[in-house]
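K.L.:
Sequence:
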Amino acid sequence: MNTPTQMYINGQWKEACSGERLDVENPADRSVITSLPAGDKIDIEAAVAAAAEGQTVWGAKPARERAAVLERFARLLREALPEFIYQETLQTGRAIREMRAQLARLPEWYEYYAAVARTHEGGLHPFDGPYINYTKRRPLGVVGLITPWNHPMLILTKKLAPALAAGNAVVIKPSEVAPVTPLMMVKLWEEAGLPKGVLNIVTGYGPTAGKALTEHPGISKIDVTGGTETGRVIGATAGKNLIPFSGELGGKASVVVFEDIGADNAVKGSLFASFIASGQTCVQGARLLVQESLYEEVVAALVERVNSLKIGNPLEESTQMGPMVSQKQLDIVLKYVAIGKEEGATVAAGGERLTNGEFSGGYYHQPTVFTNIRGGMRVEQEEIFGPVVCVMPFTDEADAIAKANATQFGLAGSVWTRDVARAHRVASKLDMGIVWVNDHHRIDPSSPWGGFKDSGVGKENGIVTYEAYTKTQSVIVNTADEPFDWFSADGADKRYS
0 MNTPTQMYIN GQWKEACSGE RLDVENPADR SVITSLPAGD KIDIEAAVAA AAEGQTVWGA
60 KPARERAAVL ERFARLLREA LPEFIYQETL QTGRAIREMR AQLARLPEWY EYYAAVARTH
120 EGGLHPFDGP YINYTKRRPL GVVGLITPWN HPMLILTKKL APALAAGNAV VIKPSEVAPV
180 TPLMMVKLWE EAGLPKGVLN IVTGYGPTAG KALTEHPGIS KIDVTGGTET GRVIGATAGK
240 NLIPFSGELG GKASVVVFED IGADNAVKGS LFASFIASGQ TCVQGARLLV QESLYEEVVA
300 ALVERVNSLK IGNPLEESTQ MGPMVSQKQL DIVLKYVAIG KEEGATVAAG GERLTNGEFS
360 GGYYHQPTVF TNIRGGMRVE QEEIFGPVVC VMPFTDEADA IAKANATQFG LAGSVWTRDV
420 ARAHRVASKL DMGIVWVNDH HRIDPSSPWG GFKDSGVGKE NGIVTYEAYT KTQSVIVNTA
480 DEPFDWFSAD GADKRYS
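Each residue of the sequence shown is one higher than the one before, counting from 0 in this note's numbering.
No lab work stands behind these hints, which were simulated from the structure alone.
Hints are not guaranteed to be accurate.
Ranges of calculated distance between the beta carbons of each label pair, as one might list FRET restraints [as the list claims (entries may be wrong)]: (1) Arg373 - Arg104: 23 to 29 angstroms; (2) Ser17 - Val232: 20 to 26 angstroms; (3) Glu189 - Ser446: 28 to 34 angstroms.
Think of the CB as a built atom: it goes at the ideal place given N, C-alpha and C, for glycine as much as any other residue.
Please take these sequences and the hints and turn them into a complete structure.
P.N.:
Written out as structure tokens, the structure is:
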């Protein structure tokens, strides 16, 4: 499968109308993977027009026919996974062993939503009098999907599968940092039989192509994954246009470790939570809360394990952690490490950029552990999106819950304990949309995913998301045989409602 060099509108590969282009970089060595068009408002307008036409065909198909296309795509994707895994590793810098594990599951989303489309039922509602009232789900129309660079394929899949299953057409604006694999999907969709115009991908920058997509009057829903402030702006625009908005936004996940779980399990779990994807994930375990009696042991063991992590070329099987995705993201990590030091936190492990030898050409940073954290420090409150974890002790269950909830975010967190009652009790008191017990980062196409507070609105995954990509039509049928004459002069009382 060739590396894409153009964007995709109305079934054709296109250059940007402006002729402008952008380079996609390999963060491991800063080499250029490919050059792509830098689309803008004119290209978005063409994509929305194509999608509107394509949706009339796709939305009119029976659900079983749409499901068959999704099922064929899932089969084709499963066969082509090695190419996607390689390119996803190349453009994001994530270790290839991670990308293999993550991308291997993507066909499940298309299979799941194909099944939902085949089996989803309308409703029959109680309605007084000689009436039948039923409801049915109809596609929204053209939806705009704005996706990030950290999980280019996974996060797009969580939006695209339900959107297409429900009968919508899409205009996708992938991150300019990692747009390669979304474009690679086009060939498979064509082979699976998706009609022309239903899938459109405009590459470009957020302030131009992204802004134009969110403001376009022909868009019926915006679904974005990104930062909280970006989500606020897009949500306000969606509100102005009176269209649905779904935003999976920032996070600062807490990993709550009770003493009964033991230091070994705590360290293994927190390593996975904190440093998978080099910490570049919205559910990263950035705040490690450990019960006092276990705190010193966990810190010592965690530091030892962190210092032994193998950082290097993400394409090598032995690599456990790759680089930051870009210079911008590396600069953010460096800034927050400096802030943590200025605030008086102790660097227990890491804390430095890696620049020697094999690291000289890339955006590498050591996995970093901060201790001596005070509540309210910026480093423990603000989203960093990098391999930085703050370790804090707590006294008892109430203190753990209070500290875990003491952030503006509420996307996810995890509870580690062998006490079944405590696990459910604590989970129910955490102000988070996703809570794992004795695990972290787990996901399934049927499991709703989304946060509370500043972590966004709406959900991904599950039947609830399929329904969010539809609009409900209520049909009320009068089954009475006699005619109804409201204005007759027969003097009889008549039923109005």
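K.L.:
With respect to the beta-carbon atoms only, verify the hint that Glu189 and Ser446 lie 28 to 34 angstroms apart.
P.N.:
Hint holds: Cβ distance 30 angstroms, inside 28 to 34 angstroms.
K.L.:
The hint says 23 to 29 angstroms between Arg373 and Arg104; measuring C-beta to C-beta, is that right?
P.N.:
The hint (23 to 29 angstroms, Cβ to Cβ) is violated, given that Arg373 and Arg104 are roughly 39 angstroms apart.
K.L.:
Quick check on a hinted range of 20 to 26 angstroms for Ser17 and Val232, using CB atoms only.
P.N.:
Given about 23 angstroms between the Cβ atoms, the range holds.
In summary, the one numbered hint that this structure violates is 1.
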